[in-house]
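A.B. asks: Below, each chain spelled out in residue letters.
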Amino acid sequence: MPLLSIALISCAALGLEILLMRLFAIVQWHHFGYLAVSLAMLGYGAAGAALAMVGDRPHPAFHKAFAISALLFGLTAPIAFLADQAMPFNALEILWDPRQWLWLSLQYLLLFVPFFFAAFCLCLAFSRFGGQSHRIYGADLWGASAGGLLALGLLFMLPPQRVLLVVASLALAAAVLAWPSRRRIVYFLLPAVLLLPWTIPDKLIALHPSQYKSLSHYLLVPGARTMAEKHSPLGQVTVVENRLMLLRHAPGLSMSADSEPPEQLGVFVDGEGPGAITRFDGRPESLAFLGQMPSAMPYQLLHRPSVLVLGAGAGMDVLQALHHGAKSVDAVELDANVAALVAHDHAAFAGRLYQLPQVKLHVAEARSFVAGSRQRFDLIVLPLADTFGTASAGLYGLAEDYLHTTEAFRFYFRHLEPDGMLVLNCWMQLPPRDLIKLATTAVEALAQEGVVQPVPHLVLLRSWQTAALAVKRTPFTAQEVTVLQAFAEAQGFDFEWAGGRVGNEAPHHRLDQPYFAEAFDALSGTARERADFYRRYKFHIAPSSDDRPYFQHFFTWRAFPEILRLKERGGLPLVEMGYPVLVATWLQAVVFGALLILLPLRVAKWRAAAGSIGRGRVFGYFAALGTAFMLLEMAFLQKFVLLLGHPLYAAAAVLTAFLFFAGAGSRVSGRLSAGGHKMPMFWPAIGIVLLGMTYLAALPSLLAICMSWPLAARLALGVALVAPLAFCMGMPFPLGMTRVASAESGLLPWAYGVNACFSVMSAPLATLLAIEIGFSGVVMLALGLYVAALMTFPVAGHAGSRHKEAGYA
Amino acid sequence: MARGNGLLARLLAVSLLFSAPLTGVADEQKFVAERLAMVHEVAQQARASAQETGRPAIKAEVLAAMERTPRHLFVPEDQLRYAYRNRPLPIGYGQTISQPFVVALMTDLLDVKPGQRVLEIGTGSGYQAALLAELSMEVYSIEIVEPLAQRAGQALAALYPDKVTVRHGDGYHGWEEYAPFDAIIVTAAASHVPPPLVKQLKPGGRMVIPLGASFLIQQLVLVEKASDGRISSREVAPVRFVPLTGGH
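Protein sequences appear in the order of chains L and W. Heads up, the first sequence stops at 808 in numbering that gives the first Met the number 0, and the numbers go up one at a time, no gaps. Heads up, the second sequence stops at 247 in numbering that gives the first Met the number 0, and the numbers go up one at a time, no gaps.
These are computed hints drawn from the structure, not numbers from a lab. Being a predicted model, the structure only gives us computed values, none of them experimental. Misleading hints may appear alongside valid ones.
[Said to hold, decoys possible] With the C-beta cut set under 7 Å, the calculated list includes, among others, these residues of chain W facing chain L:
#1 V31
#2 L35
#3 S190
#4 F214
[Claimed, not checked] These stretches of chain L come out as covered by chain W in the derived footprint (C-beta under 8 Å, 3 or more residues):
#5 245-255
#6 713-720
By construction, the Cβ of each residue, glycine as well, lies at the ideal position given by its N, Cα and C atoms.
If we strip away everything but chain W, and leave its shape as in the complex, we get (with noise of 0.2 Å):
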């Protein structure tokens, strides 16, 4: 109880910090049916996708993470209604919040433990690091947009201190001072995966890549870098046909 109480006195800081309409506690548990339902869909989405994604379902540690995760605080003023849809939203600046869906799967592949250190490339609204913050990792978060990195940033910060870190910079070289990763994630568009991530990752580390059009993550790549540095990686496609040639 002490956790949950702990953290609606900081929903209500950040609430406070970006003067969003979410004074009362009415609207904090409004938000919170809405997070539990969503949770739900995502947790159905993902046994439908089950042989889509080779992942019988979500872990629960994630879903439960989810459930704690405030992704009203992540969202613009504007979209505030639709928070707990399960659906990608604009926040501005040309870029989007991922579908939960597709950001419980991104978490889920990761396969990290309490205590791991990720690297996000890309902080965009600041919800997939609290995310994972949520699942006690410790996150550090490179964004571009400086805006953006504002924005999440002042969020991330009031929500998890001792968690979370976002710099305003340019993702390509990594964050070499805490390095070596046990996960990376790359959100922002790239022609190909920067050498530096690939060297900053742990052997033994995973790294998620999504893929598609703003609104439309169609696939992830799941990059692993085996003990003896080897590279090589996977397609996981969230939907695909069944089969693809079919007909006979």
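For reference, chain L alone in the conformation it holds in the complex (with noise of 0.2 Å):
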């Protein structure tokens, strides 16, 4: 059996999806590349469906099959994206022409072929070698743990479009290591294999981004050169400049400014943006523009403050806090290709601004650091969400954003000083939404502290374009309200909620409805009326927490009709797309692996003979063990990314450790499958059902003890907390195949397709169920399943079988 092939086989695939991911976000948007991605993963229910089909006539070429569809796997990978890059897909136009969805369709279909191949692969090895099930989900649970982690490290040092070469490059291998009779060919095209993706040349693999992002505009400006590219997995980041037609970025300035930004160098990531490093020749005074930007908006009341930017990007609100006097300025930037720029390639036109003595550059996640740190600021800035907001755009659709949620605030106001601030600063959007669901978690923020009225410790200050919301542990004063209405005034901007009275009389600015003043209204009432406040709301506005951490959620069913109406008038950009793109993925998933799961039921009826357990057990146990185990692990993997703070890494280190735990488990279940156990699920299933209800449990007190901690402790604890779990995790899945084959082997096929079915259509699933339930809901409903699928382990039950067993009822 080729258990090497099989894992490399998993190890390939799992890095194409993950790098299919990062690949969409820089050429078209993540949102379709979540969706693309998702159906292409149901080739592994296609695989399954094919095979129940065609029985078990591969069988006696075994070796030469799964070779060969190993070969075409890893030729189809890059040349499925390869030939979707050259598709004229264009997404932001499939509102007003049809034709764009005939693209969509084929994009769907193209991507679907080299996960096809790879689960031909897995499946028919289980198909064959039904009894070994958990030596062969052991192979490919660990391939897949290594392919995590290998596409991630690799995206460190190489451009994504080459990684997907060598990956590729690894299931050419896994087809040359599976190859009967292989040993002399294996010595001369193993090394050729793996040193292919070596040889293709940059041109014929280089990425063609949208000419709709904000890149790819730029770069038609006269003048416009790249200056640097950098890779990892958290974005590609390009630098460009332009010394004919200066960029000029500065957020919000007022339109009274008497004055302009200097230099500056666009910085995009996944070819979104600029930010921008802004030329600084060491005089705060020549940043004047930056005083004229409603984040400039706490410096009029602190004097010589200390300040925390968490996000500090390309270092804009640290310049912007020495323009206004800082006696200290801590910069929190999560992205260490970002952070180089400002600190080594470019600190010399940078002014060496982290050089800085009063400046400390800090590259962590903005939560975990707070945690960690014993000081206490003046103010705290989150500056404009937009500019880096792609940190996990490639491993999620729906990104969870632990940096704005109801406990993250309670953090930052017990490390400002008595009388300190956090500023959040946000791009204005009409109707408002995430500016109201920044006061909403504030509010409840507050209130969970204590306070019994809020809302007069919020000022908000708006431009036409940003807004900023100040918050304060001590109500503003009346003197500092007129302090800030007077620099209001002076630059154009309007005050809406000023220290707890509406304070926009004259506006400069005129919006077409009183948002502000209804919101401000709302928030001033009791918890009962701020409830009904956010379920009247036509957007999802409801405070963000730990436990349902989307705060980019704003969309609602109520108003979706509405939105449809609207949408030959240009409408659409009133419902924000991540929410109805999970819904389309979930739909898609269950359309398509409903037909992968009937088909083979109708055309396979003649071939398998009366079997012995139940199909309707079987389909009971796998769609409850696919849909348990990707809740689960999705659940706590979220669960353990707040544990380790840094969202790549905790991933990484996360389902790498759950992976290769899961893969020990199925060894081991060997063991209790061959023991005669009359249950062998009995212990697994319970193992998981306490060890899930104690995590539950304990994990809010454990994560307040131990965000503190150095991160290898933590990612210590976390892999130990890992570990149990996916242990017993790994053993219901083998468990189950190796009964169905010793009872009814031609089901096997049939049950891995249901399992994969399911799991795909689970994932996202997950993040719907969290956005409405939360993680700790997904997490009881998992294990739900997972004493549904003990109750329906498949058990011989009739007479003639094969391998009677005890029944269980």
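Join these two chains into a complex; the hints should help.
C.D. replies: Written as structure tokens, this is what we have:
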């Protein structure tokens, strides 16, 4: 049995999934990547269906069939992406041009092909060697575990399109290793296929980003020149300079401004942006424009403050603090590549900003940095969210955001000096949603801190383009409000909430509805009145929490019909894309998954003799397992991401540990199968339920204690927590497969397909459910499904079965 | 009639210039019919959106100018058959020609009178400038993407030689030579309104800034400079929820 080849196939398949998401984020937008890749994963279900229909015909030539399938996987993986890239699909035109749907469907079809061949290899192995499912599944999980780590690691060193080739070469290596009578060929071919990725010229695999991305636009400007491009799993960072026609980035600059930004370098992440590295000659007064933006508001009240910038990006908020005489600035930036631009690559241009004695750079995740810091600040700034908001876009469609939750805000409050301020900056979107959600989250956090009347602790200042919401632990005084009003008047900005009263009598920028006055009234009410406002508002603006950390989720079903009526008039931007894309992903997976499950039943009915175990049980067991495994894995992944801080390292570490220990569980499950246990599924199921419930109860307190620990300690704790759970979760699938193999091996591919289809359906479902019922709810549901799986464990109950087992009621 | 014939001659001249497959009068007649239907649809949409935009209808002279403006001469050849659909179209270089309803609304918001001077930042296809020229404006337009500036500049020079001047360059500093302007349209996305543009706007003048992603302009910001130089602005949303907090 080609266990090494199986591991290589799984390694390449998981790598391919990660890479496609990354590549789509660069050339298109991550939403459509998520849609396409999710459907492509149904190739796993399709392979099960296909093999269920052809039965055991490939078994005599197993090795050849496996090797050819692996070869086709390796070849089609890069070809599918390159062909996909050549298609004239324009996501932005999908509303207006029906042809775009055709291109999107073709995109699905192309990406589906490599996953189909990858899964065909695995399914073939299960079908041929069903009695050794624990070994196959173990190799599969260990391979996947290595694949995730390998892809993420290589993304730090190589451009993603080159990593794609490396991943494809692993599939080719699997083909070589699996080929029968391979001895001589192996020595020659194996090094050849592993070297293949390095022989393909850059030009052939060049990425062609959509012409509608910001970077594509900007590169058309005469004089624009790409200075550098850096890669990491967090995003592709591109630096652009233009000495002929200067870039000028000053979000929300007052229309009365008498100053302009100096020379800047554009910084784009995944082709979106720009952020800007601003030329700094060391004289804070040369940055006068930074005093004419809404984000300058807190500096009108704070004298020589200590400032913490959470998400420093290209350094504009750090410069703003220096311009206003900050005595110290702690700049936290997640992406080391972005931080290095200012700290090293363009340090001279940026005035050696991060080498200044009053500035400290921390390359870290903001939430865990705050948790681990004992320092208190006069001002904590969360800059405009959009500039570098692609951090986890490559991993998830609708990203979890732990920086904008009630728990996070409470952390920030505790790190403020008594009279300190938390300032949240955001773009003005109308009708307002993110700004209102920031306010509701802040109000809820204050209420949880024991503030009875939270609204007087808030000040909201806006220009036509950006807004700044300031929150204090103490109410804003009348004197402070007067100072801020004078600043607003001088710059042509508007006060909406001025420390407890609506302060917008003669606005500079008039809105078509009194959005903020209405929100102010509602937030000034009781907890019940606030809840009623959250319910009535047409966007989802209820406070974000660690259990439902979807700050960017604004979609409500109630408003959806109205949006559809407005779509021809350009109303589509009223709907945030993340949620509908998830729903569409789930629906398409359900429809195609159902087809793939039902089709073999129709076609293969005559092949499978009356089985000794009911198909209903097999379906119930593997459907429950597929769903439960994915729900539990995703929910705990998120819980541990919060523990480990850095979303990328955490995802890599937790996913790797999860798959590795599940693989170990699978291997050990062979003993349970062979041990003649009547109900081998019993102990793993009990273990999962007990561990799951324990973690659910203990994790919040554990997180509160451990978040300030050093990363290595948190990592060790995370792995120690993951290990027993994953170990137990690795057992039920091979136990079921072994049982099916012994009772009715013809059902093996179908069982595999059912499991695969439900796993694919469950990935978007996990996020959809987390939005609705929180991660705790998702965990409870998954544990319930494991109990359901225990109840439906396939047992031989019919007379005449080949391996009659004692039944389980 | 003389005006109509002159226009036809100029249309044919531009057709020849771009070697577009528009050689016959029959084609022109087809476009005229489609144009009238498009303008009718725009007028209807404007009435339907009156509550959102705060304007009961698009002014008759704007609609009349739209009936005369040959949109098909400002779209790429592969988009010709959609030229008079009330939808945005791709024109290459990551740019779009806006939805006719949005163009009409922006023009209406500018509230300009014949002979007034308008600055456009972001010529794009040139259609917006053409519409302003049809309203007898004196139009100065700056486009940063050179091929677009050339293409639109040639089309506009052939159609409105005395009314539209197109320049390739950076619009950030406006066009000092012809300032001040009665109205300014800023169609190029920017992180802020360049201070020089505000300075080049006449007291009493208006500036319109469309906001939104390519293909979908969701909001228009109307900036007004009072006679005392005070700047104020307001939001004009072609679409919105009514009311925002429904479901009482």
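A.B. asks: Next, verify each hint and record whether it holds.
C.D. replies: Verification of the supplied hints:
1. V31: 23 Å, violated
2. L35: 20 Å, violated
3. S190: 5 Å, holds
4. F214: With a closest approach of 5 Å, the W/F214 hint holds.
5. 245-255: holds (count 9)
6. 713-720: violated (count 0)
Checked against the numbered hints given earlier, this structure breaks hints 1, 2, 6; the rest are met.
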